[in-house]
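**Student:** Chain residues, written in single-letter form:
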Amino acid sequence: VNDAHVDLLSHDLRNPLAMISGYAELLLIRRDEAVRVEAAEAILEAASRLSTLLDELVAELRPTAR
Amino acid sequence: MSPYQFSVLLVDDDAMVRSWVRLSLEGSEFRLAGVASTVGEVLELARKRAPDVLLVDYRLPDGMGTELVRQLRGQGVTAPAVLMTANPERGFSEAAREAGAQGTALKTGSIDEFFAAMRAVVAGEDSFDGRHPSRSPGRAALSPRERDVLRLVAAGTTNRDIAAALDVSGETVKTLLNRTFTKLGVHRRAEAVATAHKLGIL
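Read top to bottom, the protein sequences are chains V and C. Taking my numbering, the leading residue of the first sequence gets 1, the next gets one more, and so forth. Taking my numbering, the leading residue of the second sequence gets 1, the next gets one more, and so forth.
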């Protein structure tokens, strides 16, 4: 694992995280139902992406996987 | 509802980010004039739509946002540009400024921060996010000639062919390469190319 890998990993993890916080902020400030539903769906999708990435990362880092 | 005043051209390959920006802009003085997900799509769209501001992701599927802004400036597109990334990246704001952008933003920041950056650049001010650590000391910007050499190195061109392509001597190529290596803090061609990609120079 070198610097470039760490940067890419950090970027891949932060992207869905940014979307979770961005859409959550929209949930707080918007009252229209359609926007709130879209935001909630996006949060669920971003959380799912993040979970998949973390599963892959943990599998890769586990000593038994090497 | 604020009356629309400024058109935005958004460049991001992630549909979720595009929707978030679209929803965030609703009711503000900004409206989406166009959306693109690759460098290739933007070059034509920017000319056609003549946006007031460009909102550009740093990592695109077919290139870096910094290089896209540089290309747009070369084509005469003068709309202020804000480059965005999810990561606080060392030297990002400097690389963005050198490419011709007026601002940087963190996707992990708040909607208000996004608006602050866009409002600043349409008002003619710079807005570089301070959370991107500054470039390491001694890492000066590459000159246009050094960037030309680096681009040819990245394409696998030999020193002799670089000299012919740029109409300079082999010694000049070596000097330009050495200067480039020093500025990037590397020792080999492959390292230089990898670092340049990482910094958004290529």
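Do not rely on the hints blindly, as some may be mistaken.
[Claimed, not checked] Output of the computed footprint for chain C on chain V, the stretches with three or more beta carbons under 8 Å from beta carbons of chain C:
#	region
1	17-27
2	35-42
3	52-60
[Unchecked claim] Taking CB as the label site, the calculated pair distances span:
#	chain 1	residue 1	chain 2	residue 2	range
4	V	Glu45	C	Thr38	13 to 23 Å
5	V	Pro63	C	Gly76	53 to 63 Å
6	V	Val35	C	Pro61	23 to 33 Å
7	V	Leu8	C	Glu41	18 to 28 Å
8	V	Leu9	C	Thr38	17 to 27 Å
9	C	Thr78	V	Ala34	35 to 45 Å
Derived from the structure by calculation, the hints contain no laboratory data. Owing to the predicted nature of the structure, the values given are computational and were not obtained by experimental measurement. Every residue gets a Cβ at the ideal spot worked out from N, C-alpha and C, and that includes glycine.
**Student:** Look at each hint and say if it fits the structure.
**Tutor:** Status of each hint after checking the structure:
1. 17-27: holds (count 8)
2. 35-42: holds (count 4)
3. 52-60: violated (count 0)
4. V:Glu45 x C:Thr38: 13 to 23 Å: At roughly 22 Å between Cβ atoms, Thr38 of chain C and Glu45 of chain V fall inside 13 to 23 Å, so the hint holds.
5. V:Pro63 x C:Gly76: 53 to 63 Å: Because 56 Å falls inside the window, the suggested range holds.
6. V:Val35 x C:Pro61: 23 to 33 Å: Since Val35 of chain V and Pro61 of chain C have Cβ atoms about 28 Å apart, the given range 23 to 33 Å holds.
7. V:Leu8 x C:Glu41: 18 to 28 Å: holds, 23 Å
8. V:Leu9 x C:Thr38: 17 to 27 Å: Check passed, 23 Å falls within 17 to 27 Å.
9. C:Thr78 x V:Ala34: 35 to 45 Å: holds, 36 Å
Violated hint: 3 only; the structure is consistent with all others.
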